[in-house]
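Chains as they are written, first to last, in the working numbering: chain Y, 2 to 661; chain G, 91 to 559; chain R, 1471 to 1795.
Bear in mind the hints are in silico, worked out from the structure with no lab data behind them. On a predicted model such as this, the values are computed, not experimentally measured, just so you know. Glycine residues also receive a C-beta, built at the ideal position from the N, C-alpha and C atoms. Misleading hints may appear alongside valid ones.
[Unchecked claim] Not the full set, but computed from the structure, chain R residues with beta-carbon under 8 Å of chain Y: (1) 1610; (2) 1691; (3) 1692; (4) 1695; (5) 1696; (6) 1697; (7) 1699; (8) 1700; (9) 1702; (10) 1703; (11) 1711; (12) 1789; (13) 1790; (14) 1791; (15) 1793.
[To be verified] With a straight-line Cα cutoff of 20 Å, these simulated EDC-like cross-link-like pairs (lysine to aspartate or glutamate) come out: (16) 1553/R x 1571/R; (17) 1691/R x 57/Y; (18) 1642/R x 211/G; (19) 415/Y x 448/G; (20) 1642/R x 515/G; (21) 1714/R x 108/Y; (22) 1691/R x 177/Y; (23) 194/G x 211/G; (24) 1691/R x 552/G; (25) 440/G x 1687/R; (26) 1691/R x 108/Y; (27) 1714/R x 1692/R; (28) 194/G x 219/G; (29) 1714/R x 177/Y; (30) 1691/R x 95/Y; (31) 105/Y x 1692/R; (32) 105/Y x 1789/R; (33) 1565/R x 1539/R.
[Stated by the list, open to error] Taking CB as the label site, the calculated pair distances span: (34) 252/G x 1757/R: 52 to 58 Å; (35) 151/Y x 126/G: 46 to 52 Å; (36) 262/G x 1757/R: 45 to 51 Å; (37) 470/G x 17/Y: 31 to 37 Å; (38) 443/G x 1692/R: 18 to 24 Å; (39) 263/Y x 1611/R: 52 to 58 Å; (40) 469/Y x 270/G: 36 to 42 Å.
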Amino acid sequence: MKPLFEVRDLVTGFGPVRVVDGVSFRVAAGETYALLGESGCGKSITALSLMRLLPDGGRVVSGSVQLGETDVLALPERDMRRVRGGQMAMIFQEPMLALNPVIKVGEQIGEALALHQGLAGQAARDAARGLLDAVGVPDAVRRLDSYPFELSGGLRQRMMIAMALAGRPQLLIADEPTTALDVTIQAQVLDVLRRLKAEQRMGMLLITHDLGVVAENADRVGVMYAGELVEEGMRDAFFSAPQHPYSRMLFEALPHTGDGGRLTTIPGQVPKLDGATRGCRFAPRCPFAIARCRAESPDWQELNDQRVRCHLAGALPARQERELTAHSVKQAGQQLLQVDGLKVHFPIRRGLIQRTVGHVRAVDGVSLDIQAGRTLALVGESGCGKTTVGKALLRLIEPTAGSIVLGGERITAKHASILRRQAQMVFQDPFSSLNPRMRVADILLEGMDALNVGAGSDRRDAVARLLHQVGLPDDAGGRYPHAFSGGQRQRIAIARALAVSPQLVICDEPTSALDVSVQAQILNLLKDLQDNLGLAYLFITHNLAVVDYLAHEVAVMYLGRIVEHGAATDVLRAPRHPYTQALVSAVPRIEPHDGAGIIRLAGDQPSPLNPPDGCHFNPRCPYASEVCRKTYPEQTELRNGHWVRCHWVAGQGFSAGRVD
Amino acid sequence: MNSIQPVILWTDALIFALLAAVLALVWLIRRQEHLLAPWRVVAQRPMAMGSALVLGVFVVIGLLDSLHYRERLADSPADAPQYSVEVLSLFDALLSELRARPEKTYSAPLAMHLYAKEFVERDGATVRDYPRLQFGGAHLQHADARLPDIARRTLDGAMQGALAGLLLFAGLAGWQARRRQMTPGGWLATWSRGDLDWPGRTVVLVVAGMLMLTGVIVQLASGYHVLGTDKVGQDVLYISLKSIRTGLVIGTLTTLVTLPLAIGFGIAAGYFRGWVDDVIQYIYTVLNSIPGVLLIAAAVLIVQVYIESNPEQFDTAAARADIRLLALCLIMGVTSWTGLARLLRGESLKLRTLDYVEAARAFGVSNTRIISRHIFPNVFHLVLIAIVLDFSGLVLAEAVLSYVGVGVDPSMYSWGNMINGARLELAREPVVWWQLGAAFAFMFTLVLAANLFADSVRDAFDPRLGGRR
Amino acid sequence: MLAYILRRLLYAIPILIGVNLLTFALFFVVNTPDDMARLQLGAKHVTPEAIERWKVEHGYDKPLLLNAEASGSSQFTDTIFFKHSAAMFVFEFGKGDDGRDIGNEIRTRMGPSLAIALPVFVIGLLANISFALLMVFFRTSYLDLWGVVLCVVLMSISGLFYIIAGQYFIAKLWNLLPISGFAGGIDGLRFILLPVLVSVVAGIGSGSRWYRTIFLEEIGKDYVRTARAKGLSEVRVLFRHVLKNGMIPILTGAVVVLPLLFMGSLITESFFGIPGLGSYTIDAIQAQDFAVVRAMVFLGSFLYIVGLILTDVSYSLVDPRVRLQ
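Turn these sequences into a full structure, and let the hints steer you where they fit.
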């Protein structure tokens, strides 16, 4: 069968740097081809090269791109415009930025309809409405007249998809279409894409870094590393036996459900793409590399359904099972942090004299305990208030109400310095969390100076010890943050928190900005530090796999309140709250599973400005009943300190726990 | 007994304080890699280096012109020396030839006759004719000899300049070749290919060009008024050169006044928010809402009244003019800090929410420390960009203000005063264009060089705008 | 919206009081009413009696800020500040030193000022945007590079040069247009042409360079890539998507000065002999006519604040994301 779309030896350069270097693949009609790789591997630039939408400075150096009978790269720009959007369409990662903020979405879709289907006026409007129905936008007629900022992230991405479909493309390129979305919304959007692809027999090129998304959506997979495609194969073959050492290590770097084993990390960094490297590009980081790997760039090797660029193809040692260290079963130690009824309300002011007319209840009565040396994960989707909880605990945001007891002392504004000695924070974005104008040593010293930790003369030694502790070279102290990679910066941020020897570290999504292989390093480090120093963590995250790996206990937040709380194994393995169930089942998995028991949530998380009456979750809940719409549920105790706030669970009696 | 008495005017003191501050800053920047890096980018741009060289010449002239003194009167007794009321500068001493050769009134550039007809004695009869200049072309016998003489001097000057340039270049090539352990020929080849890590070709060409221009001017000036003379017969080239200092003072000292206000208020408003922000915003809305010229006019009038009612505090005319110049800088500074303050406020608002500031607050680091270590270093590039961008605007503003009558002292040499004094003469026939032309040309050169330099600085320091040319 | 505008107008009152106090202070710190009288009367007539008479005539015989002799609220109202400055809040400007009614002058001189300033504003805006779009359209070619160099050169030339060169070449040498003057009606067109032309050219360098930066910033954004991915042509992307977003900062930046157009331009009007508010102001500065300067300061501040409010309103009109509360 002739493929719908074929790329041969594509080379894209920015000046002397070859960002994409000899990539070839094909996509058949009705097939999803996933291009998998970590940031900077050239996967997005590949996609932009195909559309001929490269940013200024980039150009396709050589190669060919065939779409049906058309040679895309040879077309004059005029004809290319008909192909773009007409025969191949693209959707982008960040739907807020990718839509024009000042033009109504209906008009933006209408533009594509006018261009490729010649529709205008009422006909275009009808067609646009049809598209919105197809991508599952409720209340389509009204939504056509919305501006992008009035829509939620999930709806925006649906609009993007509708716009891409407007030209009835044969090939849809989706560049990280769900990376910016919450898991429950991601599941919705991926469902839409899967359905549309099947209905319209489109070819789809799915670009992603997420193995789970690949596993659930792709038919075939190509793995990119440093500008090259290094492995390709059918999905099932790839997931059961990845052949390239890099692919293998990606799998092993992923925290698996519940084994608690040490994660494999990939040492070193992606090489510079200036053409100076000889041999296999992965060789410097490859544990299996032999002399030939460093001298000679490997060619494609065929292995049944798979192709791989590796000299050792098929000859790699068998995959090792991870050593299982199980959760360090340090038993409930002494109570370190007790939070009771924490509230953070932000006033809303309106009118002539800026009267306070209401409050955004970002955090509305949260209670938590953390024991010394243990990890509590606070899980929830964006906007649920989990970060606000972390900041309120450190009094970076002044709480409206509630009590915080840390190490037996009640923390008030006056005792803030006690708090600051005992609790510190690691932030999400390793780039904005380090002052670019300060040396690493000064960054580490800042906390010790401010809190007067240790004698002045000892502090320099402390810096060296901290750097060693987080696995950074000794000379790191004299350098500035920009000299470090994202993972190394996060190590610096961890060292900064440790500088004042706290007992509790609040980790606010510390790995969500990092690639999988780097995430593994940081997670290992956090675990080691906990074992060695007896730290307690409040781990704030949306990533359930990470929770599973690290946490002893889990609290699930929805709209400012905790809806389920319990031991990590209980909550993740046998979630009881419908929201937790949906959250758990929405996470794309790499293990084969039958898809039964998947709960798809409708709609979006409502605004904390105006939460629904009764149980906040009732408008999205498949089990909602009359009582859910009226009163907020009380805590229902299950066993082992596992509790939920849900009328439905309360009504079931305690024994009817759902077991996977 | 000294034959001169040094005079330190207010602006002199401030200029040299500023120079010291700049040198200190350079020393600081040289030791910090991240501060040095953007300057390296600037230094690699031909446009930036070329304009920096031109600016450098202006600055040197301005500095020479800021070393003031008074000469001892020749007939004053040694034990009780009396000094001339005229305040001179080192630059005046260098240009004494230009300064001391006045004509009666207007004369065109390179002319040998006066602009206006007068009654002159010729062969015993009184006729009405253009009289010969006392100095310009005085060495010539006939008017016919003027053009060949000018051509010869131009050629001589250019040759001398080129020769000096060549010598310098040879020295440079020899030195660089030795430093990099190459043959001079090898270095020359690299140079001509433009493969150096600094824009060698531009620098050499600009320096050579300036040397040649200097040579030509020096040659011509020894026999003519290169740019003509003004209404009272003073050499226009001399006036134009003297005006450089005024332009530089306005462009730099004003910023010096602006900076503490803009930085202090801007960062405080953005960082503390709340009532501090309200008060500061109130102040700058009030200042901003008053039309700038009117505010400056009002303040300058006050200063003028003050000077007139306290003549005893100023012993020389130069001191009087100087205090008015200083006042003008102060006033323009006080009225023009709002733009930068607003920018810094916005930036501080953004920075205060960044994680590294939150991290510092989590340690209980004090506000002053957060501002000095986290906020200020991260807005400093904006301050720098504002300084270089404002400079040219201020130089241009001086001309406009002098025209309105609220600029520098009328007795002071400045391009604004030159334009103001000459624009009415445009109605005369043939037109007196050289004074205007000289003022505009000098101002244009300085402002263009400053603008081009500012562009490069901005591109290097604010990558958000740069990189796209 | 209405509540918002009302609140902003209320905020304007303390600002206008501040402006008034500041100008009042500036003038009276050194320049006492006695000085003013002396200046106005001229050297010949200065006798203590004449000064007193002048002060009474012009209302400067009261204390400056606080009348200790009066009682009650007239402690504040029976002062020079109140009599001269507070009246301006109801747009009572009083008389200038030449005895003419300032309010009347402002009304008659507004027309000529607008006749110059409005065309300059509109044509300048259009010219700058067109030039900027042109440079952005050819952004990867030498046309853009030289366009930017030209802009820098144009903005490095003193505004006075444009006026003087324009008057000399166009009016004097080539006799195309009158050198200065003003007339009403259609006949006035030939007087307006030169100042408008000169002002537009003088502003085009910095204006179009600034707009170019705005457009370039927009063109680097993701939505532009989306628009191209739809298959739109570069021209359509530029005019429909980039222009629409770029116009938000441009328009709102322009709206601030819109009310101030009434004030005219000091330099242009005085060079071209336009009987507008700009030349009125310059004459007042040179004659040290405090009453007129004060009135103009008040008018200017008031119009500036109106401009600020208009800016916010225009934001909410052109940017759907902005809602006024």
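Hint check results:
The interface hint given for residue 1610/R holds, since its Cβ lies 6 Å from the closest Cβ of chain Y, which is under the 8 Å cut-off. About 7 Å separates the beta-carbon of residue 1691/R from the nearest beta-carbon of chain Y, less than 8 Å, and the hint is met. Satisfaction of the interface hint for residue 1692/R is found here, the shortest Cβ-Cβ separation to chain Y being roughly 4 Å, below the 8 Å cut-off. The criterion of a C-beta within 8 Å of any C-beta in chain Y is met by residue 1695/R, whose closest approach is roughly 6 Å, and the hint holds.
Nearest Cβ of chain Y to the Cβ of residue 1696/R: about 5 Å, under the 8 Å cut. The hint holds. Hint status for residue 1697/R relative to chain Y: holds, with the closest Cβ pair at about 7 Å, below 8 Å. Here the hint on residue 1699/R is kept, as its CB sits about 5 Å from the closest CB of chain Y, short of 8 Å. Interface hint status for residue 1700/R: upheld, as the beta-carbon distance to the closest one in chain Y is roughly 4 Å, under 8 Å.
With a cut of 8 Å, the hint placing residue 1702/R at the interface with chain Y holds, because the nearest CB-to-CB distance is about 7 Å. Against a cut-off of 8 Å between C-beta atoms, the interface hint on residue 1703/R holds, since the closest Cβ of chain Y lies about 6 Å away. Contact between residue 1711/R and chain Y, as hinted, is supported at the beta carbon level, the nearest pair being about 5 Å apart and thus within 8 Å. Evaluation of the residue 1789/R hint against chain Y yields a held restraint, the C-beta minimum of about 6 Å falling below 8 Å.
Satisfaction of the interface hint for residue 1790/R is found here, the shortest Cβ-Cβ separation to chain Y being roughly 5 Å, below the 8 Å cut-off. At a threshold of 8 Å, the smallest CB-CB gap from residue 1791/R to chain Y is about 5 Å, leaving the interface hint in force. The interface hint given for residue 1793/R is broken, as the beta carbon of that residue sits about 10 Å from the closest beta carbon of chain Y, more than 8 Å. Restraint check for residue 1553/R and residue 1571/R: the C-alpha separation of about 16 Å stays at or below 20 Å, so the hint holds.
Between residue 1691/R and residue 57/Y the alpha-carbon distance is near 12 Å, which keeps this suggested pair within the 20 Å criterion. Distance check on the hinted pair: residue 1642/R and residue 211/G sit about 36 Å apart at the alpha-carbon level, beyond 20 Å; violated. In summary, the hint linking residue 415/Y to residue 448/G is supported, as the alpha carbons are separated by about 19 Å, within the 20 Å threshold. Restraint check: the Cα-Cα separation between residue 1642/R and residue 515/G comes to about 13 Å, which is no more than 20 Å; the hinted pair holds.
Taking the CA atoms of residue 1714/R and residue 108/Y, the gap is about 13 Å. The hint holds against a cut of 20 Å. With a C-alpha separation of about 17 Å, the suggested pair residue 1691/R and residue 177/Y falls inside the 20 Å cut-off, and the hint holds. A hinted pair counts as satisfied when its Cα atoms are at most 20 Å apart, and residue 194/G with residue 211/G qualifies at roughly 16 Å. Taking the CA atoms of residue 1691/R and residue 552/G, the gap is near 17 Å; set against the 20 Å cutoff, the hint holds.
Between the alpha carbons of residue 440/G and residue 1687/R the distance comes to roughly 19 Å, so the proposed pair stays at or under 20 Å and holds. Between residue 1691/R and residue 108/Y, the direct Cα distance comes to roughly 19 Å. Compliance with the 20 Å bound is thereby established for this hinted pair. With a CA separation close to 15 Å, the supplied pair residue 1714/R and residue 1692/R stays within the 20 Å bound. Between residue 194/G and residue 219/G the CA atoms are separated by roughly 14 Å; this keeps the pair inside 20 Å, and the hint holds.
Simply put, residue 1714/R and residue 177/Y have alpha-carbon atoms about 28 Å apart, too far for the 20 Å limit, and the pair is violated. Between residue 1691/R and residue 95/Y the CA atoms are separated by roughly 11 Å; this keeps the pair inside 20 Å, and the hint holds. A C-alpha spacing of about 16 Å is found between residue 105/Y and residue 1692/R, which places the hinted pair at or below 20 Å, so the restraint holds. A C-alpha spacing of about 11 Å is found between residue 105/Y and residue 1789/R, which places the hinted pair at or below 20 Å, so the restraint holds.
Under the criterion of a C-alpha separation no larger than 20 Å, the hint pairing residue 1565/R with residue 1539/R is inconsistent with the structure, at around 27 Å. Our hint of 52 to 58 Å for residue 252/G and residue 1757/R holds, since their Cβ atoms are close to 56 Å apart. With their beta carbons about 47 Å apart, residue 151/Y and residue 126/G fall inside the hinted range of 46 to 52 Å. Checked against the hint of 45 to 51 Å, the C-beta distance between residue 262/G and residue 1757/R comes to roughly 59 Å, which is inconsistent with it.
The hinted window of 31 to 37 Å between residue 470/G and residue 17/Y holds, with their beta carbons roughly 33 Å apart. Restraint check, residue 443/G to residue 1692/R: a C-beta distance of roughly 23 Å satisfies the suggested window 18 to 24 Å. Checked against the hint of 52 to 58 Å, the pair residue 263/Y and residue 1611/R passes, with Cβ atoms roughly 56 Å apart. A C-beta distance of roughly 40 Å is found between residue 469/Y and residue 270/G, which places it inside the suggested range of 36 to 42 Å.
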